[in-house]
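Keeping their order, the protein sequence lines are chains A and B. For the first sequence, the residue numbers in this note's numbering are 2 to 287. For the second sequence, the residue numbers in this note's numbering are 14 to 586.
Treat the hints with care, as some may be off.
As the list claims (entries may be wrong) - Simulated crosslink set (DSSO-like; lysine-lysine; CA at most 30 Å straight-line): (1) K37/A x K402/B; (2) K428/B x K30/A; (3) K267/A x K399/B; (4) K37/A x K428/B; (5) K127/A x K141/A; (6) K38/A x K428/B; (7) K428/B x K267/A; (8) K59/A x K402/B; (9) K59/A x K459/B; (10) K162/B x K136/B; (11) K267/A x K402/B; (12) K34/A x K162/B; (13) K59/A x K428/B.
Simulated from the structure, these hints should not be mistaken for laboratory data. Just so it is clear, the structure is predicted and the values come from calculations on it, not from any experiment.
Here are the chains, one letter per residue:
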Amino acid sequence: MVTQTDFNSIQPAWCPGCGDFGILNALKKALVKLEKKPNQVLLCSGIGQAAKLPHYLKCNVFNGLHGRGLPAAQGAKIVNRDLTVIAVGGDGDMYGEGGNHFIHAMRRNLDITLLVHDNRIYGLTKGQASPTSDLGMKTKIQPHGVSNTPLNPIALAVSQSCSFVARAYSGNIEHLTEMIQLGIKNKGFSLIDILQPCVSFNKVNTHAWYKERVYDIQSQDLHYDPTNMPAALNKSYEWGKRIPIGVLFEGKRETFADHWEVLHGKPLVDQSIPEEAIQDIINSFL
Amino acid sequence: MSKPFDYTIAVGGEAGQGMLTLGLLLTKSLLKAGYYVSTLQSYQSRIRGGHNYFQVRVSSEPIHSMISRIDILVALDKNTLQLHCDELTADSVVLYNQERMQTAEVCGATLGLEISKLYPAAKSKEVLANSIYLGVLAALMQCPLSAMKSVITRTLAKKGEDIIRQNYAALDAGWEYLETQLAWKEKYLAPVPAKAQASLTVHGNQAIALGAMAAGCKFYSAYPMTPSTGVMETMAQFMDQTGVVVEQAEDEIAALNMVLGATYAGTRAMTGTSGGGFALMVETVSLTGIIECPAVIVNSQRPGPATGLPTRTEQADLEMAIYAGHGEFPKVVLSPGNHQDCFDLTRHAFNLADEYQIPVIVLTDQYLADWFTNVKPFDLSQVGIKRGKIVIPDSDYIRYQITEDGISPRGIPGKGEGVVIVDSDEHTEDGHLTEDLDVRVQMNEKRLRKMEALKQHMLMPEVIGEGDECALVCWGSSYGPCLDVVRALQARGGAISLIYFKQVWPLDETRISSLLSGYKKLILVEGNATGQLGHVLRGSTSICIENAIHRYDGKPFLFDELQEQVAVRLEVK
Numbered sequence: 002m003v004t005q006t007d008f009n010s011i012q013p014a015w016c017p018g019c020g021d022f023g024i025l026n027a028l029k030k031a032l033v034k035l036e037k038k039p040n041q042v043l044l045c046s047g048i049g050q051a052a053k054l055p056h057y058l059k060c061n062v063f064n065g066l067h068g069r070g071l072p073a074a075q076g077a078k079i080v081n082r083d084l085t086v087i088a089v090g091g092d093g094d095m096y097g098e099g100g101n102h103f104i105h106a107m108r109r110n111l112d113i114t115l116l117v118h119d120n121r122i123y124g125l126t127k128g129q130a131s132p133t134s135d136l137g138m139k140t141k142i143q144p145h146g147v148s149n150t151p152l153n154p155i156a157l158a159v160s161q162s163c164s165f166v167a168r169a170y171s172g173n174i175e176h177l178t179e180m181i182q183l184g185i186k187n188k189g190f191s192l193i194d195i196l197q198p199c200v201s202f203n204k205v206n207t208h209a210w211y212k213e214r215v216y217d218i219q220s221q222d223l224h225y226d227p228t229n230m231p232a233a234l235n236k237s238y239e240w241g242k243r244i245p246i247g248v249l250f251e252g253k254r255e256t257f258a259d260h261w262e263v264l265h266g267k268p269l270v271d272q273s274i275p276e277e278a279i280q281d282i283i284n285s286f287l
Numbered sequence: 014m015s016k017p018f019d020y021t022i023a024v025g026g027e028a029g030q031g032m033l034t035l036g037l038l039l040t041k042s043l044l045k046a047g048y049y050v051s052t053l054q055s056y057q058s059r060i061r062g063g064h065n066y067f068q069v070r071v072s073s074e075p076i077h078s079m080i081s082r083i084d085i086l087v088a089l090d091k092n093t094l095q096l097h098c099d100e101l102t103a104d105s106v107v108l109y110n111q112e113r114m115q116t117a118e119v120c121g122a123t124l125g126l127e128i129s130k131l132y133p134a135a136k137s138k139e140v141l142a143n144s145i146y147l148g149v150l151a152a153l154m155q156c157p158l159s160a161m162k163s164v165i166t167r168t169l170a171k172k173g174e175d176i177i178r179q180n181y182a183a184l185d186a187g188w189e190y191l192e193t194q195l196a197w198k199e200k201y202l203a204p205v206p207a208k209a210q211a212s213l214t215v216h217g218n219q220a221i222a223l224g225a226m227a228a229g230c231k232f233y234s235a236y237p238m239t240p241s242t243g244v245m246e247t248m249a250q251f252m253d254q255t256g257v258v259v260e261q262a263e264d265e266i267a268a269l270n271m272v273l274g275a276t277y278a279g280t281r282a283m284t285g286t287s288g289g290g291f292a293l294m295v296e297t298v299s300l301t302g303i304i305e306c307p308a309v310i311v312n313s314q315r316p317g318p319a320t321g322l323p324t325r326t327e328q329a330d331l332e333m334a335i336y337a338g339h340g341e342f343p344k345v346v347l348s349p350g351n352h353q354d355c356f357d358l359t360r361h362a363f364n365l366a367d368e369y370q371i372p373v374i375v376l377t378d379q380y381l382a383d384w385f386t387n388v389k390p391f392d393l394s395q396v397g398i399k400r401g402k403i404v405i406p407d408s409d410y411i412r413y414q415i416t417e418d419g420i421s422p423r424g425i426p427g428k429g430e431g432v433v434i435v436d437s438d439e440h441t442e443d444g445h446l447t448e449d450l451d452v453r454v455q456m457n458e459k460r461l462r463k464m465e466a467l468k469q470h471m472l473m474p475e476v477i478g479e480g481d482e483c484a485l486v487c488w489g490s491s492y493g494p495c496l497d498v499v500r501a502l503q504a505r506g507g508a509i510s511l512i513y514f515k516q517v518w519p520l521d522e523t524r525i526s527s528l529l530s531g532y533k534k535l536i537l538v539e540g541n542a543t544g545q546l547g548h549v550l551r552g553s554t555s556i557c558i559e560n561a562i563h564r565y566d567g568k569p570f571l572f573d574e575l576q577e578q579v580a581v582r583l584e585v586k
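Taking the hints into account, I'd like the entire structure generated from these sequences.
Below you can see the structure in the form of structure tokens.
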């Protein structure tokens with residue numbers, strides 16, 4: 002029986018009070034609930050405070066380049082579908098430097114889960130604007146305030162029929178754990194955008210700020226249907242006084258592996274190319 | 014014994030006029046019939062219009078290069094006449110469609126064909142004209158029609174018997190017409206060489222892809238980029254037989270990072286690109302160095318800087334390949350110069366990548382990528398797959414164990430109780446990021462120790478010829494033209510050898526130094542303007558080769574021109 006301590010690793014080097022702790026905790030809980038063992042899990046990341054998370058959770062780790070966690074995660078999943086592959090990074094890593102990969106990972110639709118620690122600021126480089134920073138937020142680099150419109154990852158994902166789109170809040174670990182579980186269970190590309198305060202640099206989107214605003218869209222009285230795309234797209238623009246968290250969209254569709262017959266049998270890593278096949282191919286050039 | 018011959022046939026026209034089809038049919042037929050053949054494809058970066066040409070040199074003796082003269086020019090448009098006028102000689106002939114071009118107002122002899130009269134169906138189906146031209150060419154050289162028919166049957170197999178029959182008829186019509194033209198009949202007589210052997214019709218890109226398949230490559234990810242795309246196309250063409258997954262990435266950065274995800278998980282994987290795409294991959298090449306995952310990267314060069322000449326050839330990415338990536342880490346750069354080496358060195362690249370857990374770059378270029386010539390069927394019995402120190406990770410497995418040879422046992426994630434941790438940060442033996450500077454030094458030294466074994470086991474240059482007078486020094490696709498020049502000069506009594514580098518990095522300084530200093534005179538032949546191999550040799554051995562022949566006009570070295578350039582330098586001494 003796997004327990005949370007089986008996933009313990011080295012001590013995190015995050016700021017005290019950082020939202021990352023909550024996310025790490027929730028991820029461990031989700032993996033235990035799903036009865037995954039450390040050697041069955043692969044965490045892929047790039048660079049940033051969030052991208053250090055894989056070191057703090059015992060499992061297989063591919064901690065690559067800034068913005069490039071997703072391509073590595075997809076390469077690994079293609080060749081070994083037995084691995085539970087999770088990509089993790091911040092808003093800068095996944096929506097900025099790696100934005101192109103995020104878009105195409107949704108299209109490719111491999112069975113992987115993406116956790117974005119969306120703190121709407123650059124932490125590791127000490128407080129510059131991120132792709133999701135609020136308009137007008139002042140930083141050392143943007144002394145007159147951010148002038149670029151913040152990226153709306155949820156609307157982007159819904160508009161691209163992303164297989165599974167959820168938003169969670171690092172201050173609500175129970176709900177976040179459930180979202181991660183659902184994301185991992187979903188057959189296809191799952192985005193979980195996690196609202197998270199940066200206690201050191203983001204003085205706007207604080208715990209108190211979020212607590213006042215977030216509400217669970219799955220509350221029974223709301224009768225929200227995450228399979229209704231126009232409704233989901235509409236909902237993805239709700240931001241400000243009230244911020245919905247929960248499963249915002251389910252765009253279930255054929256996965257990458259469904260399309261590739263060669264991926265239906267044993268994992269690619271366990272397959273070889275028969276010499277007769279290569280000989281036949283060479284002979285076809287005679 | 015029959016008279017030796019050496020003819021160059023050029024087919025020129027607008028993109029979309031079918032010159033590629035005609036050139037390929039001709040090439041395949043001549044190889045099938047048993048001739049010695051070499052080709053050059055020159056095309057513009059457009060799908061329709063412009064000027065493209067396909068040259069086929071056919072000879073009674075083995076050839077590995079092209080020449081600057083055209084003997085038979087098939088002009089599918091007027092532009093072709095104007096552009097190739099200078100390459101024609103008094104003995105050349107121009108074939109053209111009289112119904113399209115009233116006269117071939119050019120230099121030299123012309124032979125106007127009334128295509129639709131020769132075979133009326135060709136009027137509505139223009140592609141049939143290709144088969145008419147093919148018939149005329151066959152008759153000019155008295156090349157056996159059976160080879161052409163068998164190639165047509167194979168090429169058009171999917172289009173059905175009617176189409177094949179029509180093409181046969183068009184081919185016969187072309188042949189029969191020429192037979193009535195007594196002035197031309199047998200003017201370019203080319204009997205099939207007696208000693209010719211069976212040949213594969215593969216271009217360099219296909220040879221590389223075949224090498225990758227033979228090496229057990231199961232995942233190929235790339236972004237299309239001329240002239241490397243043929244590798245991806247070939248991998249995809251045979252995916253049902255090999256079970257390889259070919260994924261077109263959103264960009265070259267994704268392509269190489271996907272490859273690393275795949276090799277991390279234990280599969281052999283490869284990517285291919287050209288200079289601009291390789292430049293995008295450079296940070297990931299460095300990642301490969303520190304995480305010590307294998308990666309095979311093909312860079313099919315084209316002239317730069319930036320977009321440069323997208324569809325032409327050059328050898329100007331050598332130094333970029335060797336020095337690709339920030340920081341210091343071992344890598345290997347291989348530079349095949351012919352199809353056998355494209356096949357062999359690609360397999361070798363996979364073995365090196367696995368054994369040393371490093372990036373291996375295979376440098377080719379547009380000329381080699383598109384080049385057809387006589388290629389002995391590849392022999393699979395020579396194929397050995399060496400995966401290196403792969404292990405099942407047990408519960409106390411660590412990825413970066415410090416070892417004497419610098420190579421750590423490579424665990425495959427998910428295959429054992431342990432976990433496999435790789436990190437782009439400097440890391441401890443267990444793979445976690447560290448800022449312990451002593452560990453940094455140990456890890457850096459561990460990685461760089463692999464360089465020593467790589468040098469010891471480097472593929473030494475192939476030396477062709479004997480004596481200590483003079484040697485041409487080349488790498489990659491300049492091999493073919495250099496080989497032909499060296500053979501020709503040797504036949505004329507010249508004391509000259511060829512040193513062909515098929516591994517350009519790393520170099521074993523001692524052995525390379527002793528090899529090069531064994532000659533009184535060295536002449537560097539490189540398809541670039543600055544002499545990049547020269548720089549590398551100078552850096553590794555202190556030997557400075559001052560005599561150099563460069564070409565950077567987007568074309569490969571041509572036999573006759575290069576021979577002239579080398580001969581001048583030999584007389585100068």
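Verification of the supplied hints:
Proposed proximity of K37/A and K402/B is supported: the alpha carbons are some 28 Å apart, at most 30 Å. This hinted pair checks out: K428/B and K30/A have alpha carbons roughly 24 Å apart, not beyond 30 Å. The hinted pair formed by K267/A and K399/B meets the criterion: a straight-line CA distance of about 22 Å does not exceed 30 Å. The suggested pairing of K37/A with K428/B holds, with an alpha-carbon distance near 14 Å, which does not exceed 30 Å.
A C-alpha spacing of about 9 Å is found between K127/A and K141/A, which places the hinted pair at or below 30 Å, so the restraint holds. Of the supplied pair hints, the one linking K38/A and K428/B holds, its CA atoms being roughly 12 Å apart against a limit of 30 Å. A C-alpha spacing of about 13 Å is found between K428/B and K267/A, which places the hinted pair at or below 30 Å, so the restraint holds. A distance of roughly 24 Å separates the Cα atoms of K59/A and K402/B; the hinted pair therefore holds under the 30 Å criterion.
With a C-alpha separation of about 25 Å, the suggested pairing of K59/A with K459/B holds against the 30 Å cut-off. Using a Cα cut-off of 30 Å, the hinted pair K162/B and K136/B holds, with the two alpha carbons roughly 21 Å apart. Pair hint K267/A plus K402/B holds up; C-alpha atoms about 23 Å apart against a cutoff of 30 Å. At roughly 67 Å between alpha-carbon atoms, K34/A and K162/B are farther apart than 30 Å, so this suggested pair is violated.
Restraint check for K59/A and K428/B: the C-alpha separation of about 16 Å stays at or below 30 Å, so the hint holds.
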